[in-house]
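With the sequences and hints as input, model every part of the structure.
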Amino acid sequence: MMNNKKFQDTGKANIQPYTGNVFRIVLLASCLICLSVIVTGILSYTSIKNALIAKSKSQDMVFIVKSMSERIQGRIQRAMETSYIIARNPWIIKWIEGSEQDAELSQTVMENLHDIATSYDYHNTFIASLKTQKYYFEDNVGQGKSTAGIYQLSRKNPADLWFYNFLANPQPISLNVNYDRGMDDTFLFVNALVGNSDNPLGIAGVGLSLHDISAEFHQFKVGQQSSLWLVDENGIIQLSDDLNKRGKNFGQFIPAQVVNEIRGNKGSSKNAVKVSEYTNSNGEIIDIAFHKLDHSNWMLVYQIPRAENISVINTLRRNTIITIALVLLFAVTLFYLVSRKIANPYKQALLLNLELEKKVNDRTVELREINQKVMDSIDYAQKMQESILPSADELKTLFQDYFLIWRPKDVVGGDFYWARQIGDTIILAVGDCTGHGVPGALLTMTVNAILFNIVTDSCRDNPAHMLEELNQFLKQVLNKDINSAATDDGLDIAICCIKNKSELIYAGANIDLHLKSDRELKICKSYKKGVGYAGTIFDEGLTNTVLPVQAGDVFILSSDGFLHQNGGDKDYPFGKKRFYDLIKNSSSLSLEMMKNEFATALQEYMKDEPQRDDIVVLGFKLG
Amino acid sequence: MEKYIVEATKSTPYIYLNHEEHKLLFKGQSFPENAYNLYEPIFTWIDKYLEEVGNNETTVEFILSYVNTSSTKCLILLLEKLNQAYLQGKKILVNWYYDEENGFDYEMGEDLKEDIEIPFNFISI
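As you go down the protein sequences, you meet chains A and B in turn.
The first sequence begins at 74 in our numbering and counts up by one.
The second sequence begins at 8 in our numbering and counts up by one.
No lab work stands behind these hints, which were simulated from the structure alone.
Bear in mind the structure is a predicted one, so any value in this text is a computation, not a measurement.
Do not rely on the hints blindly, as some may be mistaken.
Here are the simulated SDA-like cross-link-like pairs (lysine to any residue), alpha carbons at most 20 Å apart as the crow flies [what the hints assert, rightly or not]:
1) B:120 <-> A:609
2) A:207 <-> A:185
3) A:139 <-> A:336
4) A:680 <-> B:108
5) A:643 <-> B:107
6) B:30 <-> B:55
7) A:414 <-> A:101
8) B:34 <-> A:642
9) A:548 <-> B:110
10) A:643 <-> B:63
11) A:598 <-> B:110
12) A:207 <-> A:164
13) A:601 <-> B:55
14) A:649 <-> B:131
15) A:601 <-> B:108
16) A:643 <-> B:131
17) B:97 <-> B:29
18) B:30 <-> B:63
19) A:601 <-> B:76
20) B:98 <-> B:131
21) A:598 <-> B:120
22) B:34 <-> A:644
23) A:643 <-> B:110
24) A:482 <-> B:17
25) A:602 <-> A:545
26) A:572 <-> A:609
27) A:574 <-> A:496
Rendered as structure tokens:
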């Protein structure tokens with residue numbers, strides 16, 4: 074069972090690289106899935122981010138600025154219209170022209186101012202007369218009430234400079250931000266010219282509280298970090314959501330390059346909202362949008378940090394990461410499960426394979442045991458076969474010199490040699506029984522016994538007769554069913570009777586006798602039929618050949634095994650011609666040398682080809 | 008009747024028996040452990056073929072570089088069958104191919120030729 078253990082070890086060793094491979098494949102596939110999901114996530118995140126930025130810059134910011142500016146413009150427009158209405162009121166013009174002396178007109182005008190101040194969301198209505206240098210006003214104090222008052226304007230009062238500046242360069246309408254002493258607040262005043270530029274009579278208009286508009290700014294703007302400013306033609310922030318920045322130059326808060334860009338935008342078409350961006354000192358990207366208001370050189374500026382502007386992107390990023398993580402987890406888990414399910418059948422097949430191989434191995438061991446028994450049996454058969462073959466010592470006593478090549482194809486074989494000395498006669502036979510291996514060997518035993526009988530009972534000097542006897546005996550013993558071609562067995566054989574070592578009588582059935590005298594080769598042809606076959610009937614063609622023995626003559630008998638051995642370039646049999654040349658050219662001084670030459674010639678011819686048939690070659694010298 | 012074709016192995020020849028071409032071909036070497044198993048179906052085929060061959064001339068081609076003893080016996084049986092048919096008037100021709108370098112095949116052909124009357128051509132490869 075040693076082999077089993079060894080085998081199982083090998084099996085485990087086989088599983089290891091297999092599972093290793095599966096693990097590697099799963100790992101590789103997981104990495105690929107991760108990579109593709111991450112890349113997809115990053116790409117979609119980036120593209121959405123870019124789309125959001127583009128949308129924000131081209132739509133959202135533009136929309137905010139535009140609607141804001143429209144709202145402010147609407148407010149200012151309304152104030153301007155109201156200012157025009159006051160300034161073009163013929164009663165007021167008449168009243169101013171009359172140096173505000175007409176008491177009836179005075180009452181009407183003041184009622185008018187009071188009505189406007191309390192009925193609409195202005196904080197102030199006023200009329201300033203050039204002639205009298207008087208400033209009439211109604212301040213809205215809330216809850217439908219107003220307070221009226223009159224100031225005497227003076228060039229010496231810096232707070233009144235706006236009046237003199239306006240009249241120095243009269244325009245139909247202008248905007249002015251100023252501090253109102255009476256209300257202790259900063260106002261946006263809309264000043265409309267009463268009269269015309271050639272004949273200015275005074276200024277009338279309304280005031281809007283910047284505080285309120287700032288509050289409105291605050292409501293309107295988007296984002297905590299954003300800023301919304303109304304900047305005048307000098308770059309002063311007139312309105313801001315953050316009151317602290319009011320009155321300061323907006324160049325303090327944004328880079329000069331952007332300031333220039335905004336300033337350069339003044340002349341552009343009125344509805345165009347420009348969008349730009351810059352990086353502040355903290356490294357944040359700030360998106361900035363600006364729009365020039367109608368009727369003035371004021372600019373509405375809106376800026377917001379990119380991070381806040383597209384703050385939804387943070388949610389998007391977080392969601393993307395969560396999605397990627399979930400998809401990865403899901404995909405990898407799924408893949409792992411699937412690959413295990415796929416891998417399992419393979420594993421099972423492998424285990425099944427191992428089991429089958431184990432069975433095969435068990436069978437192999439069984440077979441080996443059976444084979445061992447058979448081989449033991451054949452090995453013993455070999456001993457028996459060898460025991461009936463003449464020993465080397467026996468052969469030495471029979472011949473002056475001899476050589477023997479006996480090589481069964483398997484352990485035992487059908488080729489044999491046989492010798493017996495009775496008196497001064499040596500009877501020698503070389504035979505080749507049908508087949509080889511055990512069947513051949515069985516036949517050699519039978520032939521051995523029959524030959525023994527023949528030489529004991531009858532002739533010793535007539536090999537042809539011995540062949541006939543052998544033929545008849547064998548037929549009786551072997552081929553009782555003469556109709557069966559499949560079991561038609563027999564043998565080729567040559568028999569020599571040697572008398573006094575001076576005369577050799579030969580008869581052969583399919584085995585020729587070769588006689589080598591020096592370099593001469595004489596061949597005694599055999600009868601062309603085997604012995605013992607169902608159809609073999611010897612006729613007068615079977616005769617003895619009597620050869621006188623010359624000193625140095627070498628007699629050689631060979632079964633067809635040597636001649637039929639395949640080899641050479643074309644895988645042809647060794648053949649007779651080569652065999653004859655071998656005999657002719659071999660040295661006959663020592664038959665040991667001759668044996669070596671035969672063996673070498675055969676080996677060189679067959680090379681690695683297996684032996685095809687049993688081989689027996691017997692060469693001998695008698696004197 | 009069907010063609011009988013057996014591919015060659017190390018120890019058995021390529022066998023091609025075609026009743027339509029009236030051709031029997033043996034090519035290679037023949038030394039199986041049990042030659043009778045190899046040739047028995049061929050004998051059966053030939054018996055059937057000879058019944059159907061009619062007046063057509065049959066060509067039997069042997070290109071055999073080695074034949075062992077038991078295969079030789081089978082070839083003798085095969086040729087005996089053909090010889091009987093030939094003697095009964097069937098037209099049969101044997102072409103025996105041999106290689107002069109071999110020596111075995113020509114001699115084998117000569118041995119086989121001895122016992123039959125069928126025209127037997129030796130053709131050198």
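Here is how each hint holds up against the structure:
no.	hint	result
1	B:120 <-> A:609	holds, 18 Å
2	A:207 <-> A:185	holds, 17 Å
3	A:139 <-> A:336	holds, 18 Å
4	A:680 <-> B:108	holds, 18 Å
5	A:643 <-> B:107	holds, 12 Å
6	B:30 <-> B:55	holds, 14 Å
7	A:414 <-> A:101	holds, 17 Å
8	B:34 <-> A:642	holds, 18 Å
9	A:548 <-> B:110	violated, 33 Å
10	A:643 <-> B:63	violated, 36 Å
11	A:598 <-> B:110	holds, 17 Å
12	A:207 <-> A:164	holds, 17 Å
13	A:601 <-> B:55	violated, 31 Å
14	A:649 <-> B:131	holds, 18 Å
15	A:601 <-> B:108	violated, 24 Å
16	A:643 <-> B:131	holds, 15 Å
17	B:97 <-> B:29	holds, 12 Å
18	B:30 <-> B:63	holds, 10 Å
19	A:601 <-> B:76	holds, 12 Å
20	B:98 <-> B:131	violated, 23 Å
21	A:598 <-> B:120	holds, 18 Å
22	B:34 <-> A:644	holds, 14 Å
23	A:643 <-> B:110	holds, 12 Å
24	A:482 <-> B:17	holds, 17 Å
25	A:602 <-> A:545	holds, 14 Å
26	A:572 <-> A:609	violated, 29 Å
27	A:574 <-> A:496	holds, 12 Å
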